[in-house]
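Participant: All chains should be built: construct the whole structure from the sequences, respecting the hints.
Residue numbers (our numbering), protein chains in the order written: chain A, 1 to 83; chain B, 1001 to 1137.
If you're looking for bench data, these hints aren't it; they were derived computationally from the structure.
Quick reminder that beta carbons are idealized off the backbone N, C-alpha and C, glycines included.
Just so you know, nobody snuck in bad clues.
Pair ranges (Cβ atoms, derived):
no. : chain 1 : residue 1 : chain 2 : residue 2 : range
1   : A       : Asn7      : B       : Asp1113   : 41 to 49 Å
2   : B       : Ala1061   : A       : Ser4      : 48 to 56 Å
3   : B       : Asp1116   : A       : Glu49     : 33 to 41 Å
4   : B       : Lys1101   : A       : Glu65     : 45 to 53 Å
5   : B       : Glu1087   : A       : Ser10     : 26 to 34 Å
6   : B       : Glu1109   : A       : Glu2      : 55 to 63 Å
7   : A       : Gly63     : B       : Leu1052   : 37 to 45 Å
8   : B       : Gly1117   : A       : Ser4      : 54 to 62 Å
9   : B       : Asp1113   : A       : Gly34     : 20 to 28 Å
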Amino acid sequence: METSELNNLSVNKTVDARGTACPGPLLEAKKAIGGLGSGEIMELLSADEGTRVDVPKWCKKQGHEYLGTLEESGYFRIFLKKS
Amino acid sequence: MAKLTIGLSSGSIDKLTGAGVMMTGAAADDYEIEVYVLLTAARAFIKGNETLTDSVVEYPAHREYMIDKLNELNTPSWYEFFEQAKEFTDVKIYICSLAGKLWGGEKKEDFVDIVDGLCGIGQYLDAANEADLHINI
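Facilitator: Okay, here's the thing in structure tokens:
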């Protein structure tokens, strides 16, 4: 998705994992996505560069759709859609 | 479900923390995990020893720095990593019976609560042989 599309996404749940290092944000995402319905969108906030790389791969393995990442000052906003 | 088998041969906090990171990462990917605690690693799993921070194998001169930095980074302790992995997936932790005896543990009750039982080396070798991924730390 383009930056403008990501910025305008209607997010169902935001998970703030900026206080944890790898693999904490991935575990936070896994924990939170269970509470979402199919097709709902989660935004994961992480200050960890490794997480930015891991989440798209994790989505592919788990069957979720990785939508894209926005880089903010000191952290990433990572968007995914539950399968 | 893919299976990860870990042969854990070190009880120092750097190796234990590394194992914990791998376990939680594998748990996020829904791996089934079996950990076999071998010889010197068993010391850390004796009840009461899970909070010890006296051993760092790599760069021992930097032990204090490493512990402080891990805390600063809000990194869970090795034990908390192992507990987290257990929350997310099927994790079994076995202590090699010889390793247990070396450090004064002969029964499951002698070890920390996350331990599932004692084992012989044959069980570890079978688990390593059957695993999709086998790591020795």
